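A.B. asks: Reassemble the complex: the two chains are provided individually, in unrelated frames, and hints are given to aid placement.
From first to last, the protein sequence lines stand for chains F and X.
Going from the first sequence to my numbering is simple: count from 1 and add 1120.
Going from the second sequence to my numbering is simple: count from 1 and add 1.
Just so you know, not all the hints are guaranteed correct.
[What the hints assert, rightly or not] For lysine to any residue, the following SDA-like pairs were computed, each having C-alpha atoms within a straight-line distance of at most 20 Å: (1) K1221(F) <-> A282(X); (2) K1122(F) <-> E1143(F); (3) K1221(F) <-> A276(X); (4) K1322(F) <-> P327(X); (5) K1122(F) <-> P1222(F).
Source of the hints: derived by calculation from the structure; they are not laboratory data.
The structure displayed is predicted, hence computed values, not measured ones.
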Amino acid sequence: MKILVIEDDRATADYIARGLAEEGHATEVARTGKDGLFLAMSESFDVIVTDRMLPPPDGLAIVRTLRASAISTPVLMLTALGDVERRVEGLDAGADDYLGKPFAFSELHARLRALARRPAGAENAESELVVGGLRMNLLRRTVTLAGVAIELLPTEWRLLEYMMRHPGEVLTRTMLLERVWDFAFDPTTNVVDVHVSRLRRKLEGPDGPALIRTVRGAGYVLDVRPG
Amino acid sequence: MFAPADTGMRWLNSFALRMAVAVAGSALLLSLVGAGWGWLRADTALRQELDLVLAGEAEGLIRDYEALGPGVLLEAARASARREALLLVLVQTADGQALAGSITGAPASLRGFVTLRSPGRPSLRALGAMLPGGVNLVVAASLSAAEDAARALAWTPLVAAIGAGGVALLLAFFAARALERRLASVSGMSAEVAQGDLSRRLPVTGRGDEFDRLVVTVNFMLDRLQALVLAQRQVTDDIAHDLRGPLQRLRQMLEAAERGGGRVDLPAAIAELDAVLDTFAALLRIARAEAGPGAGLGAGLGAGEGARAEFDLSAMVRAVADAYAPVAEEAGRGFGLDVAPGVMFRGDLALLQRIMGNLLDNALTHGAGDISVVLAAGPVLTVADAGPGVAAAERDLVLRRFGRLDRSRSTPGTGLGLALVKAAAEAHGGRVVLGPWLADGRGLAVRVELFRNTS
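Just chain X, same shape as in the assembly (with noise of 0.2 Å):
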């Protein structure tokens, strides 16, 4: 976002403008110098096409003078001078005395080709040869011609270039304009988000060029925004509101014992305690599985490499059932365990033991009935149970943090287990997913569907 005080600076701000500029002169450049060589060239060409001319003349003249004599030179001589024609010829005597005609500046007894400059008079291009029986005959044209056409010819790629240059600054001002009015939709969108307003978007145009990418990854980038600060808003309600009554009712006990000078009843306020260093302990747990591995959260919170390493999946599931197996049993609950063996699995060993306990625990706790836990390739994991199950509408509230359902409310738990287990499945590129577990639409399976990280 720039907004300088004054348009003059804010022009000299715009980036397309200074693109333009750049073209512009970069081409009026170019145009120069092509210019110049052309200039060159074409003068250069003209001067050997007048030599050749001038030798062709004096050619002519020199055979004449062979077959007829003399006076045919005097002659073209005169009438040259007399015509004023454009081709000057002159008849010296060996030691440099004019016999007929008149070339200004012509030095005795020319020989060759030379350039004669005389002030104030168009150059002279002039051919000297001496000719049997002491005459020199010189042949001249003028240059001015040649030097016109040359310059006519460098004048041509300037003016080409002028009105290139001028086009490319008229078009690249359109451009800056047009880019300077989408950049500011995006400017004034960005400050309305940077005051907090998260649920603005940038207007797509549909035309598909790099604009529209641009604004569809910016357009992205905010809804994942919007759900994190949405999601941490939920989170910091939901600690306060789970916070506060163990909190509450610690601080009534101890004020109570202050008040009447009284014994604090110690055990069950140590377990209130606990209960919230509980829920802190998972909230940091889910934290951390939803920041991702590696991410981390703050200096140090992250999860180390080490917690990615590939591990057998399998024999992990077995040994977690292995544990729980004789609980379910002394409860006098049917366990039924059906693994598919070498399921290798890259990932957080420590993570998904915790989550398998989570929900081993959960259908202890808050199920009924046969406990089934079932590894099938993919990986799937499920864990189900034969108790009352959750409804549907109900199914997304128990995966929430905090979120219990009014009958578990009075069993032991921090609402949190189920949050955990869908963070650490989507940590991992998976999902959980409820549903019934028997063919009558009864009992709880938890799916935990950890598709990536195979091998």
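With the rest of the complex left out, here is chain F (with noise of 0.2 Å):
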């Protein structure tokens, strides 16, 4: 992936960089919002990081300048106020995600590549989705896995399909809380280890393949294998 950090700390900055180097994405890095905007608006990147307090024009001026120029690139804004309302303002501008400083590297790759994935405006298009051997109708309500049909609950049914919207990618409990339960804030009790098990209990069975790969101090990932 091409990735453009515009941030304006040099550590923050220098971090960024090198740990999307060692992941093997190509990184541009503006240090003011003005090289990043000209860097944005002259260069194609596959995504976007931009924080949120720059040297004017800010991260959010950025944002409104980029999609005002139809430019659709997807932006993750990093900020030092991670609060919701926060959170609201950004994606209001423009922005995709959001993600408050301080943050784990490992949250912010997972945040990445599931933007970079994502299909711009085809995710209410489709009326079937297929990982492997799974397959979710989306019209019918129904889940099947190598043809056996699934019951699942509401919540479960969310986290699967959020799950199988980005398959092989690593999805942190953050952004689970976020996408499935729509939960600004991280429980302390383990309600999304809980939860992603008990999906895991039905549709892998008592010793059926694994489907759901936990990745240790990250998240977990719906494994791509066809089936």
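C.D. replies: Written out as structure tokens, the structure is:
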């Protein structure tokens, strides 16, 4: 992936750039909003990471400018003020995701991958999701695994749907809480783990093949495997 | 607080005194205008009166002349001259020669009314008439009496105004003194508060006047200020206490690694740091909730308008309960849910979601036995568990920041969860009540009462 990082704090910018390079991504770093906006407008990137608070123009202004110029590159906004209203503000401005500082690199990486893979505007167009032997019919609301129907509770359905929209990607607990439950907080109890393990039991049975893989310290991956 | 060097300046700076001077001055000015107008009116009226008298006298004389002949006229003129009467009579020939009597300055063949002025003598008002037989009659009277009367009348309001002005000045002087004294107590007290003694309060006189109302308002403001400052101080102490621990341990780890050249236990170090960051985030959230909606903490930290939209509280409670129910079941705990349908609420959805999560986390981590979630109209959200509960004496403690019971010290958490619940409830005009859940006094029920904002 080709990633643009707009961040005025040198240490944070280096940390992100080095981490992304280690993951095999090509990274450009801009240290001011002006440089960042120029790069974003003149080159093509798979995804843009921008700090919210920058020497003007700030992150919000950059996103608004990009969207006004019909550049739809996914944007992830970083901020020291990781609270909900800020998040809403960032998303309203046209950012696609929002991450509060400080963050774990694995969280940032997982979100960037999810963003870069997101097909623009395609989410509602499909009527069926297929991952390996798993088929989810969105119209009839049925799930089958290798042709066998599986009964899911509404929460399990939403969880599986989100995972099937992002197969093979690491989905962190925070991402799942935000997208599946619409929670803007991290419970101290293992809410996500319990739901994932229940879904897993329904999908995999006592001795079926593992479909949902746990990534230690990061989250979960729905494995893509022809079944 | 004003404290100019010399007292002369101080008096000029007194609002009451300036007011008094203004009142006295305008009273005097108005009286002057009134007096002038009164004098003018009186003078005119008296002159008209005099003219009537002259006309009456002239008519009498003319009637006598017609009935009795010129002798009467001459006699009357001579008599008035002899007596130096107030009313002067002059009889002239048609060409102006005086036949009897004398009026200084009277012109020949005077007809009608005229005012005669001659230097050194009082002005005269004269009426002339030509009689049949070539005789000219002039009747006159001094104007000085009328002028004196008008002047006397005009003086009355003027004297009254001077008196009123003096009294106003005197009253204002005393009012200013009293005002000065009461303001001095406010100024002095404010100075002491400004120097940091927040316990000072203004004395209330009990008269219930506007001063007392002001004093009550200022005292209320000081109460709030003192409470806030005390809370702030408490928070500072708490933060110092709770953050120093993990930071100290982190420092020791790094120092040991540096000294021994050994390895840092990186996961442990990151865990310590994460605990510090969690605590910071929780403190920030509490501070923001306490500041209330829209109040903000410095630039850009205020909750936006979007945080105050109306939403379906019943649906929110059901969704959060839905997420936690499997966790309780996996832990072998019963989970009861009773939600009144269609409870709408105007407030911060994300914050309420979070505090409900906090309560369930608490019930799962610190509580025991069955868990119950009830949303009643009101709206009142109750999260209860059948665990050991919290003793009545400790209920205030657990609602405080970092307030943790000794038995919970070893369990995870920042000790800020319930403090946020309390701050959030109060930010929504409600309150938090802790009590036992079960009839036999066991268990803990946390009632979050959100009275306001319903619709």
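A.B. asks: Run every hint past the structure and note whether it holds.
C.D. replies: Right, here's what the structure says about each hint:
no.	hint	result
1	K1221(F) <-> A282(X)	holds (10 Å)
2	K1122(F) <-> E1143(F)	holds (12 Å)
3	K1221(F) <-> A276(X)	holds (14 Å)
4	K1322(F) <-> P327(X)	holds (14 Å)
5	K1122(F) <-> P1222(F)	violated (23 Å)
Hint 5 alone, counting from the list given before, is not met by this structure.
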